[in-house]
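Those sequence lines, one after another, are chains A and B.
Going by numbering that gives the first Met the number 0, the residue at position 111 of the first sequence is 110; the numbering climbs one at a time, nothing skipped.
Going by numbering that gives the first Met the number 0, the residue at position 80 of the second sequence is 79; the numbering climbs one at a time, nothing skipped.
Where hints are given, some of them may not hold.
Computed footprint of chain A on chain B, listed as stretches where at least three residues anywhere in the stretch have a Cβ under 8 Å from a Cβ of chain A [what the hints assert, rightly or not]:
{"no.": "1", "segment": "76 to 83"}
{"no.": "2", "segment": "233 to 239"}
Think about it this way: if two alpha-carbon atoms lie no more than 30 Å apart in a straight line, the pair counts; the simulated DSSO-like pairs of lysine-lysine are [to be verified]:
{"no.": "3", "chain 1": "A", "residue 1": "469", "chain 2": "B", "residue 2": "17"}
{"no.": "4", "chain 1": "A", "residue 1": "453", "chain 2": "B", "residue 2": "181"}
{"no.": "5", "chain 1": "B", "residue 1": "109", "chain 2": "A", "residue 2": "469"}
{"no.": "6", "chain 1": "A", "residue 1": "469", "chain 2": "B", "residue 2": "193"}
{"no.": "7", "chain 1": "A", "residue 1": "469", "chain 2": "B", "residue 2": "112"}
{"no.": "8", "chain 1": "B", "residue 1": "50", "chain 2": "A", "residue 2": "276"}
{"no.": "9", "chain 1": "A", "residue 1": "469", "chain 2": "B", "residue 2": "131"}
{"no.": "10", "chain 1": "B", "residue 1": "50", "chain 2": "A", "residue 2": "424"}
{"no.": "11", "chain 1": "A", "residue 1": "453", "chain 2": "B", "residue 2": "14"}
{"no.": "12", "chain 1": "B", "residue 1": "112", "chain 2": "A", "residue 2": "453"}
{"no.": "13", "chain 1": "B", "residue 1": "121", "chain 2": "A", "residue 2": "453"}
{"no.": "14", "chain 1": "B", "residue 1": "124", "chain 2": "A", "residue 2": "424"}
{"no.": "15", "chain 1": "A", "residue 1": "453", "chain 2": "B", "residue 2": "131"}
{"no.": "16", "chain 1": "B", "residue 1": "104", "chain 2": "A", "residue 2": "424"}
{"no.": "17", "chain 1": "B", "residue 1": "50", "chain 2": "A", "residue 2": "453"}
{"no.": "18", "chain 1": "A", "residue 1": "453", "chain 2": "B", "residue 2": "237"}
{"no.": "19", "chain 1": "B", "residue 1": "104", "chain 2": "A", "residue 2": "469"}
{"no.": "20", "chain 1": "A", "residue 1": "469", "chain 2": "B", "residue 2": "181"}
{"no.": "21", "chain 1": "B", "residue 1": "181", "chain 2": "B", "residue 2": "111"}
{"no.": "22", "chain 1": "A", "residue 1": "424", "chain 2": "B", "residue 2": "112"}
Using C-beta positions, here's what the derived DEER-type ranges look like [as the list claims (entries may be wrong)]:
{"no.": "23", "chain 1": "A", "residue 1": "71", "chain 2": "B", "residue 2": "120", "range": "53 to 61 Å"}
{"no.": "24", "chain 1": "A", "residue 1": "410", "chain 2": "B", "residue 2": "118", "range": "36 to 44 Å"}
{"no.": "25", "chain 1": "A", "residue 1": "428", "chain 2": "B", "residue 2": "56", "range": "22 to 30 Å"}
Derived by calculation from the structure, the hints in this document are not laboratory data.
We treat Cβ as the ideally placed atom computed from N, Cα and C, and that holds for glycine.
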Amino acid sequence: MNKDEKILKNFTSKDYEHGWSTDIDVDQAPNGLNEDIIKLISKKKNEPNWLLKWRLDAFSKFKKMKSPNWANLKIPKIDFQKISYYSAPKQKSKLKSLKDVDPEILKTFEKLGISLKEQERLSGVAVDAVIDSVSIGTTFKEQLSELGIIFCSFSEAVEEHPELIKKYLGMVVPKNDNYFAALNSAVFSDGSFCYIPKGVRCPMELSTYFRINAANTGQFERTLIIADDNSYVSYLEGCTAPMRDENQLHAAVVEIFAGENAEVKYSTIQNWYPGDKNGKGGIFNFVTKRGICYGDYSKISWTQVETGSAITWKYPSCILKGHHSKGEFYSVAVTNNYQQADTGTKMIHIGKNTISKIISKGISAGFSQNSYRGQVRVMKRATESRNFSQCDSLLLGNNCGAHTFPYIDVENKSSIIEHEATTSKIGEDQMFYCLQRGIDEENAVALIVNGYAKEVFNQLPMEFSVEASKLLSLTLEGSVG
Amino acid sequence: MLEIKNLHVSVNNNKILKGLNLSVNKGEIHAIMGPNGSGKSTLASIIAGRKEYEVNQGSIIYSNKKLLELSADERAKQGIFLAFQYPIEIPGISTTNFIKTAVNKIRESKGKKPLDAVSFLKVMKEKMKIVKINQTLLSRSINEGFSGGEKKRNEIFQMAMLNPKLAILDETDSGLDIDALKIVAKGVNKLKSKNNATIIITHYQRLLNYIIPDYVHVLIDGKIVKSGDKNLAQELEKKGYDWIRA
């Protein structure tokens, strides 16, 4: 046992910071997955009939589908009947303002560093907070609505903007797209909705914060972002969960629509509970995120910092339909202990002169397995398109794994595809250089790893970039040499 | 300040240092010269605390402490600095950020508060002049894409920032053109005081025209076989190492 291994051991033994839970009264559906539960959810949400039908259709499709087995993951069998599909903090009646929110809930979000209170809204970020299955409150609503921007919970959007929901729901991710998307389509309970009208540049970051609180519940949120022609929005998503021995399921769907010359930046800092040091517990995170660059010259950019979850199965993708449209994917995925991640992106080039860029940085420590899986597909008509992919893996220690699965499929001769991949370990020389300057081992690792992930962090909004960098150090604390 | 006694060191069972003795006092500059493979860089690494080396025998006392019992970062905190022969690249970390972390870690170990951004910048600007290094270079990832001369100047800049008690310059002159050599030498001379000491490891006498050593030692086959003053260096330059061996 050399010293490196010792440091590695220390570094990987850091506890999860957000592992507490809040004691709040909840209105929870009984465990089980069947049509009655779906009807119950739909009823609780006062949904129109077409949406209930849509859900039931998704459910019948789900029943015929199988869990995907192509990912480089060991997924234990999930008993869908043991999960509760609806849990909401009990509220007296409909919330008129944040003042009506249970103070316990407000405290929960404050503890997470997200203040929903009016007087503390100095950060210039509008937040929609989702606890378990429902949205608790959305800040900055009035200011945004002056610009015609709609930013609210998904349920509210169903009630108030049914025409938009009807038009766009399932447009990018059809309800039978994949096993988990079908499940989500059947049982989704809430999420965020955002509409940026033509020509409007959203003046602040929009943010959704997801928190799973109740035990044995799954979280199935649905996010829909529509950026009309010539608009711009930057959107951020954060997530945490308490520590529980049982695995909890999170199966979300995010759909983005970008009209002509519109730009959407979607950033995620995923910090679901990853399970303990021995791999017990943790969130199973099966997420379908996809955006369509529908109009010419539109742009969708995904940035993700994935540090949590026991299992991550996630491929934020772009369909580049508009000519000259652009898709970007920046990812840092960190796995430690017994975490497993199979994550990457799909770039589907349909329009002419479309451009995509993929920067993926995997960091594996402990006994974890970290895979990048990415597809670049250039259709015949997508002439003179370009893709650049860079997939780097960094290994900390000798017990973890890093894997890269790129799929490239080009159907015309005028497009240019570049793919670069590296795998490295933190060099002893780099460590010694830091140590010799008086920087101890733990800080040296943090410094080197943060440097490695810098290119992706630079894509995040300023304040979140700092948070991501801290989170990365924390996740890996005690992990190298 | 530094007392090395009968030091025997090996790497992968290869004996490299075979009974080395060296004594360095405050205010002194020592030059260690010797042919390739004589153990010069091993000596530098062992003082700085690199792990791959095995000490088979002997002791190193530094400021009344058993140096070999301290980890590399503790040694740095106690004032030992190594200017690397081949400075290391760390992508994504600027020199400024790197050295700020180092400065504050060392301050922390002494119970001092970290320097705030403004005071840090002030100190940095001052020290930048010593080695004529510019801000742009310091904002880039440390040593990445730096020329040989820039890397070495960056080492001396870091030395200036950390203000060590004992600095070891490992072949700092190698790969430098004459102008860069002068800049580096000037920097080292400027940092010299009666409270610190410097060990210069070099092949050639060239650097010693600009940094005048108090002592010159010849290291051959893991031992110091001859010591003298600056004139010894000139003699070596003329005659090579063979006359000592013989």
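To see whether the hints hold, each was checked on the structure:
1. 76 to 83: Three-residue rule met by the segment 76 to 83 of chain B, so holds; n is 4.
2. 233 to 239: Answer violated; 0 residues pass the 8 Å Cβ test.
3. 469(A) / 17(B): Violated, because 47 Å separates the two Cα atoms, which is more than 30 Å.
4. 453(A) / 181(B): 36 Å, violated
5. 109(B) / 469(A): Judged against 30 Å, a Cα distance of about 25 Å means the pair holds.
6. 469(A) / 193(B): 42 Å, violated
7. 469(A) / 112(B): Status holds; Cα separation ~21 Å.
8. 50(B) / 276(A): Given pair residue 50(B), residue 276(A) holds - Cα atoms ~29 Å apart, limit 30 Å.
9. 469(A) / 131(B): 34 Å, violated
10. 50(B) / 424(A): Holds, at about 17 Å.
11. 453(A) / 14(B): 42 Å, violated
12. 112(B) / 453(A): Holds: residue 112(B) and residue 453(A) sit about 27 Å apart, inside 30 Å.
13. 121(B) / 453(A): Holds, at about 26 Å.
14. 124(B) / 424(A): With Cα atoms ~35 Å apart, residue 124(B) and residue 424(A) exceed 30 Å; violated.
15. 453(A) / 131(B): 28 Å, holds
16. 104(B) / 424(A): Within the cut-off at roughly 25 Å; holds.
17. 50(B) / 453(A): 29 Å, holds
18. 453(A) / 237(B): 51 Å, violated
19. 104(B) / 469(A): 17 Å, holds
20. 469(A) / 181(B): 42 Å, violated
21. 181(B) / 111(B): Violated - the C-alpha atoms of residue 111(B) and residue 181(B) are around 35 Å apart, more than 30 Å.
22. 424(A) / 112(B): 33 Å, violated
23. 71(A) / 120(B): 53 to 61 Å: Because 47 Å falls outside the window, the suggested range is violated.
24. 410(A) / 118(B): 36 to 44 Å: 60 Å, violated
25. 428(A) / 56(B): 22 to 30 Å: At 27 Å between Cβs, range holds.
The structure fails to meet hints 2, 3, 4, 6, 9, 11, 14, 18, 20, 21, 22, 23, 24 from the earlier list, while all remaining hints are met.
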